[in-house]
Amino acid sequence: MTRIHDLAVRRPGKVAICLPGRDRTLTYAELDERAHRVAHWLIALGLAPGEGIAMLLENHERFMEIALGARRAGLYFTPLSTHLKTREIAHVLKDCGARILVTSAAMADLAQTIEAHGVTEGLDCFMIDGVASGYASFEAAVAATDASGPLPERPVGRDFLYSSGTTGLPKGIRKELIAHADAGKLHYEVISWQETFGFGEEAVYLSTAPLYHAGPLRYLMRTLDTGGTAIVMEKFDAERALALIERYRVTHSQWVPTMFVRLLDLPQEVRERYDLGSLRAAIHAAAPCAPHVKERMIAWWGPVIHEYYSGSESVGLTSLDAHEWLAHKGSVGRAKFGTIHIVDEDGNELPVGEIGCVFFEGGPRFEYHNDPEKTRGAYNGKGWATYGDLGHVDADGYLYLSERRSDLIISGGVNLYPQEVENVLSEHPAVGDVAVIGIPNAEFGEEVRAVVQPRDPREADAALADELIAFCRERLSGVKVPRSVVFEDALPRQENGKLLRRVLKERYR
92 MTRIHDLAVR
102 RPGKVAICLP
112 GRDRTLTYAE
122 LDERAHRVAH
132 WLIALGLAPG
142 EGIAMLLENH
152 ERFMEIALGA
162 RRAGLYFTPL
172 STHLKTREIA
182 HVLKDCGARI
192 LVTSAAMADL
202 AQTIEAHGVT
212 EGLDCFMIDG
222 VASGYASFEA
232 AVAATDASGP
242 LPERPVGRDF
252 LYSSGTTGLP
262 KGIRKELIAH
272 ADAGKLHYEV
282 ISWQETFGFG
292 EEAVYLSTAP
302 LYHAGPLRYL
312 MRTLDTGGTA
322 IVMEKFDAER
332 ALALIERYRV
342 THSQWVPTMF
352 VRLLDLPQEV
362 RERYDLGSLR
372 AAIHAAAPCA
382 PHVKERMIAW
392 WGPVIHEYYS
402 GSESVGLTSL
412 DAHEWLAHKG
422 SVGRAKFGTI
432 HIVDEDGNEL
442 PVGEIGCVFF
452 EGGPRFEYHN
462 DPEKTRGAYN
472 GKGWATYGDL
482 GHVDADGYLY
492 LSERRSDLII
502 SGGVNLYPQE
512 VENVLSEHPA
522 VGDVAVIGIP
532 NAEFGEEVRA
542 VVQPRDPREA
552 DAALADELIA
562 FCRERLSGVK
572 VPRSVVFEDA
582 LPRQENGKLL
592 RRVLKERYR
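Numbered by our numbering, the letters in the sequence shown go through residues 92 to 600 in order.
Treat the hints with caution; some may be incorrect.
[What the hints assert, rightly or not] Below, computed lysine-lysine pairings styled on DSBU-like, alpha-carbon distance capped at 35 Å:
1) 176 with 105
2) 420 with 385
3) 326 with 473
4) 266 with 385
5) 427 with 473
6) 596 with 420
7) 105 with 326
8) 420 with 176
9) 266 with 185
10) 465 with 420
11) 105 with 276
12) 326 with 185
13) 176 with 473
14) 105 with 185
15) 473 with 276
16) 176 with 589
17) 571 with 266
18) 105 with 420
19) 105 with 473
Bear in mind the hints are in silico, worked out from the structure with no lab data behind them. Only a predicted model underlies this, so the values are computations on that prediction, with no experimental measurement involved.
Model the full assembly from the supplied sequences, consistent with the hints where possible.
Quick look at the structure:
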């Protein structure tokens, strides 16, 4: 018996998922019945335990029905970003070995493009809310399935997610399926998450981001597994998010720093218009949050702001609340599972305060699918695993991130951390968004360049560039000050706020 089925029996009329933008609501009884039917359909298609499906979907009520159905059928399910290019989709579909692709009428143009390029060859393809060349009707196929009997005993399926591709083609992160006997149990990661943030049956969770990202997908799944209600936005809009918090008395929510910036950019009368008193935990992650932005959010929303640090690999997790952050500004918290170790390039553990690669001991093992070399690179000789970030811990065990190792700028033998410079530049009132990269320098190897998205594009000129450099010179040591500033209309970021720094590196190399 699954936990969602248990909820469907105990509280059948309780709302599980609500998509206000689509005017769709699913109770636990409805979600349980649909997931059961999808599981029967997938098994009837001949998929054996451990095989996989892929989903190319916007935030849609069918998304979770399919994901939960795949889980009950003992399958891996791989969500595809709707912003991937044909080459990237082809890579993921081939790499994950999916046998089924489910898309929707809203994705018809992209679906037809990949079909025309032969990407879907060999797959059984289905479309929600419509049909198209190469795609059968999802609704008709599932409705024709006999779902009257019990499901066979199979292991519990799970997500098979791909990295965001910030350093190349997406890499699959695959974990072992869960034994059938443990179908009704909460995983220890979920228990830690539940205890940290207070999720439970009375939680009302606002999902603000695309479900094909790891954090939003897993938070929504966990909300359902613990009996809460999920309010799912189709697309983020700052004022709309505030209105939904008030309307549904949201208790928990998840954000990325760029969303905080957009919220803070709202006129004060708009920010004060909505009652946010129901919020108990507003959780952010995925990208660094500039300290002055976080300070303003805490001043506005109060001590409900939480932060965590983890990754799709789930080898370890840290978190901290607003009170802790104010006492340890810039930290991403202490370990909630996994033990933190900071090590140098030779694998030696470093003392408090020294910057090195962040490793976690004791987390679950994983592998990058079809990439044993990358998997080996994530582990050291002691079996500790890393997300590839640099940082240090303080005397109280709080972790501070410096940068990804691949983004470190080495100028004249000195290690420079882009985030430190970005935090300073983001305080300038003319800066809407900023990224700092290293570009080649004949004498020093690399030099610092700031790529700035100005709040007012009309101000993007040499005078503002000089002003920003002077602004940094007053606040940073000389070696950290950008040698140059260039302007962009928009920085390349994903919906989860993650900066695609490699795009800028390639552009300005």
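Each hint tested on the structure:
no., hint, in the structure
1, 176 with 105, "39 Å, violated"
2, 420 with 385, "9 Å, holds"
3, 326 with 473, "43 Å, violated"
4, 266 with 385, "34 Å, holds"
5, 427 with 473, "20 Å, holds"
6, 596 with 420, "29 Å, holds"
7, 105 with 326, "25 Å, holds"
8, 420 with 176, "39 Å, violated"
9, 266 with 185, "18 Å, holds"
10, 465 with 420, "33 Å, holds"
11, 105 with 276, "21 Å, holds"
12, 326 with 185, "29 Å, holds"
13, 176 with 473, "38 Å, violated"
14, 105 with 185, "39 Å, violated"
15, 473 with 276, "30 Å, holds"
16, 176 with 589, "18 Å, holds"
17, 571 with 266, "41 Å, violated"
18, 105 with 420, "40 Å, violated"
19, 105 with 473, "47 Å, violated"
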